[in-house]
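Here is what each chain is made of, one letter per residue.
Protein chains: 2
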Amino acid sequence: MTDTPNVAAPKPTIRDVASAAGVSKSLVSLVLQGSANVSESRRRAVLEAMEQLGYRPNRLAQRLSGPRSGTVGVMLNDIRNPWFVELLEGLTASLHAAGVSPVLADSYTDNRVGRSSVETLLEQRIDGLVVVGTTLESAAIEDASRNIPVVLAGTREPELPGVDIVVNDDDAGARQATEHLLHLGHRRIAHLQGPGIVGRLRRESFERSMLDAGLEPVVVSGGVSEESAYAAATRLLSRPGRPTAIFAYNDIACIGALSAADDQGLAVPGDLSLVGYDNTYLAKIRHLSLTSVDNGNLAVGVEAGKFILERLTTPDLPARLHQVPSRLQVRGSSGDAPREG
Amino acid sequence: MTDTPNVAAPKPTIRDVASAAGVSKSLVSLVLQGSANVSESRRRAVLEAMEQLGYRPNRLAQRLSGPRSGTVGVMLNDIRNPWFVELLEGLTASLHAAGVSPVLADSYTDNRVGRSSVETLLEQRIDGLVVVGTTLESAAIEDASRNIPVVLAGTREPELPGVDIVVNDDDAGARQATEHLLHLGHRRIAHLQGPGIVGRLRRESFERSMLDAGLEPVVVSGGVSEESAYAAATRLLSRPGRPTAIFAYNDIACIGALSAADDQGLAVPGDLSLVGYDNTYLAKIRHLSLTSVDNGNLAVGVEAGKFILERLTTPDLPARLHQVPSRLQVRGSSGDAPREG
Chain A
1 MTDTPNVAAP KPTIRDVASA AGVSKSLVSL VLQGSANVSE SRRRAVLEAM EQLGYRPNRL
61 AQRLSGPRSG TVGVMLNDIR NPWFVELLEG LTASLHAAGV SPVLADSYTD NRVGRSSVET
121 LLEQRIDGLV VVGTTLESAA IEDASRNIPV VLAGTREPEL PGVDIVVNDD DAGARQATEH
181 LLHLGHRRIA HLQGPGIVGR LRRESFERSM LDAGLEPVVV SGGVSEESAY AAATRLLSRP
241 GRPTAIFAYN DIACIGALSA ADDQGLAVPG DLSLVGYDNT YLAKIRHLSL TSVDNGNLAV
301 GVEAGKFILE RLTTPDLPAR LHQVPSRLQV RGSSGDAPRE G
Chain B
1 MTDTPNVAAP KPTIRDVASA AGVSKSLVSL VLQGSANVSE SRRRAVLEAM EQLGYRPNRL
61 AQRLSGPRSG TVGVMLNDIR NPWFVELLEG LTASLHAAGV SPVLADSYTD NRVGRSSVET
121 LLEQRIDGLV VVGTTLESAA IEDASRNIPV VLAGTREPEL PGVDIVVNDD DAGARQATEH
181 LLHLGHRRIA HLQGPGIVGR LRRESFERSM LDAGLEPVVV SGGVSEESAY AAATRLLSRP
241 GRPTAIFAYN DIACIGALSA ADDQGLAVPG DLSLVGYDNT YLAKIRHLSL TSVDNGNLAV
301 GVEAGKFILE RLTTPDLPAR LHQVPSRLQV RGSSGDAPRE G
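Protein sequences, first through last, are from chains A and B.
Numbered by the UniProt record's numbering, the letters in the first sequence go through residues 1 to 341 in order.
Numbered by the UniProt record's numbering, the letters in the second sequence go through residues 1 to 341 in order.
Next comes chain A alone, as it looks inside the complex (with noise of 0.2 Å):
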C-alpha cells in the first residue's frame, strides 16, 4: 500500500533541453513538432541540447513517426452543466501520469454549429476516445470504436462490444436517496425522471424502494434541463395531494424543482423536501444547499483513465463494467416530513 519511489536518475524534461538550450519550453516543442517557425540557430541549440542529455522525446517522436499521437480524446457531453468537472479531474490525472495527454471536446458546442465532437476529435489523430456523460452522437461513438479504443464514463450508452463502461452505482445512490426521505417520515415522494439508461435505473430503484416500504411510486419525466424540470415539478406539486418530497435524477433538475417550490409558496425543507444526484458544486451553493447523490466522479476518472491506458496497449480486451460507490451528502434541502394537516 506504500508507493516505490522511482530510485533511476530523473529522466531529462523537455524544462531541462530548455535551460540547456537558452530557449523556452514552447520553443522545445515547437521544434519538436518540426514547426517552420523555428530560426536554423535556436533549432540546433535545442537538437544539440537532447542529445548532451539523452533526452528522449516519447510522445512527440512517436506521433510524428507512427500512428500513435499520444493523446486521448475526451468528449464533453455538456459544458452547462458542471457535474464532469472532478471527473475530468482524476481523468486528466489518470492521463498524465501515463504521459498521454487529453484533448477535449464539447458535444453540446460542436451540435450547435452543426458539427460532431467525435469527428473533431479524430482529426487531432488521438489513440483513444473518452466519452464523458450520454450524447447525441451515439452512431459516430460506434463507428470511432471500430478503429480506436472506446472507454464511457458516466454515462452506460451505447453499449457496445469492446467499449468498457465506468459509472457510479446508480441503483445503490438512487436508493440511498429514497431510503433518507424514507426515514425522514415521507410517504408521499416523487421521482423526477432522467432520460437514458441512467435515468431509467435510478428510477427503478426508486420505484423498487417505495415498493419495498408499501408505497406508491409516483414518476414524472424531468426533461433534461432546468426549465423542464421546473415545469414537471409545478404540475407535480399543483396537484391535490402533492408530494412531500421530490428526488430529481441530477442537481439541475432539482434547481428546477427548488424553483417550483418558491413560486408555489412552499418553503424548503418545510413543506417540501428535495434531493439532487451529482454533489455538484452546485449543490454546494449555500443558498441552494442540496442533499444529493455522490457519484464518486473523481473516482470514475481516475478509473476511466486507466481503462484507456490499458486499451491502448491491449486493444481486444472484452467491454468491462466498472461501478464505484455512491454516497448520499445530506444538506439543507432535505428534513423531516410535514405533520399531515
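It is worth saying that the hints were derived from the structure and are not from the lab.
Bear in mind that the values here come from a model prediction, so they are computed numbers and not experimental data.
The C-beta atom is built at its ideal place from N, Cα and C for all residues, glycine as well.
Any given hint might turn out to be false.
Simulated restraints on C-beta separations [stated by the list, open to error]:
no., chain 1, residue 1, chain 2, residue 2, range
1, A, Gln52, B, Arg112, 27 to 35 Å
2, A, Arg15, B, Leu53, 43 to 51 Å
3, A, Gln329, B, Gln264, 20 to 28 Å
4, B, Gln329, A, Glu340, 41 to 49 Å
Got chain A; can you put chain B on it based on the hints?
For chain B alone, coordinates are given in the frame of chain A:
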C-alpha cells in the same frame, strides 16, 4: 446586409466520400490520418472515392504535409465557472465556418495535476491559441506568442505585442450596474473587487460613478471564489452602517454575497440589493435570480474567432483591442433602497 449565397457547385465533403466508398465518415478520417488500423481494401475504396469526387482534404492534408494543422487551441481558465459558455459557442461557430477545429484544454484541471494547458495544446500542433479568461500561465502564453498567433478573449492579460484582446466594455458595464443601484435610491453601495486588470477596470468605474454622485465608494477584495466572496460580504454586512447594495465583480461572487445575506437574516432585495457580472446561467436560475451585467460573450467569442483567423494568414498585424457592448439584465436581486429607519 443580405447574405450572398455561394452559387458555385458545392465541394464534395467527407460525408460524400464516405457514402461513395460505402464506409463511415470516421473511417475516412482515419484514412486521412494515415491510421494503421484500416484494412488495405477499405483504404483503397476511400482513396478511389476521393479521386472520383475530386475531394480535397484541405485541413487534414495540410497538417500531414506542412506545419499547419487546421486547429486552434482554446485554453479555458476554469471550467467550474460557467461564464465562458457562450463565448465558446461564438468562437466555435467562427472557427467552424472557416473549416478550423477548436481543441480545448482547461487550465484549472491541467494545473491541478501539475501540467500547463499551453503545453498540452502546443503538443497538438495548434496553428494559433485563443486564451479564454485570466489564467496563471502568463509566462507560457508569452512564450507561445513568440511562435504562434495568440488572441485573448474575455481577459485583458497578459498584455503582449502582437496579441489581440477581445472583451466586453468593463467600464460601461460597471457604470451601468452602479447607476442602476443609484437610481433605486441606494447610497451606501459596496463593491466586491475581482482580480487582475478586469477587476481593476470594474472597480475604477464603480468608484467614478459613486464619486460623480457625491458618494463614498466602499471597495473590498472579493477573492476568486464563492467562498472568499461569502467571507468578504459577511464582514461587510456585519459592520455598523452596512451597505444596502453590493455590486460583485462576477456572478459567482454575487452568489457568495447572497449566501452571506441569508446568514445575516437579510432579505434580498428588501434589505440588500445585489448585482453580479457575466449574466451566466447561474444568474438565470429562478431561485437565485441575479441582476447581472451581460458581457456580450457570444459576440466576444465570434470576434475572437475572426481575429485569430486573420492572424493565421497575416501574423504580423499590430495588437488590437476590440470591445463589445455590455448590457445590464435586471432580475429579482435588486430593488428599491430600504427606507432609513
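Could you check the structure against the hints above and give me the numbers of any it violates, in ascending order? none
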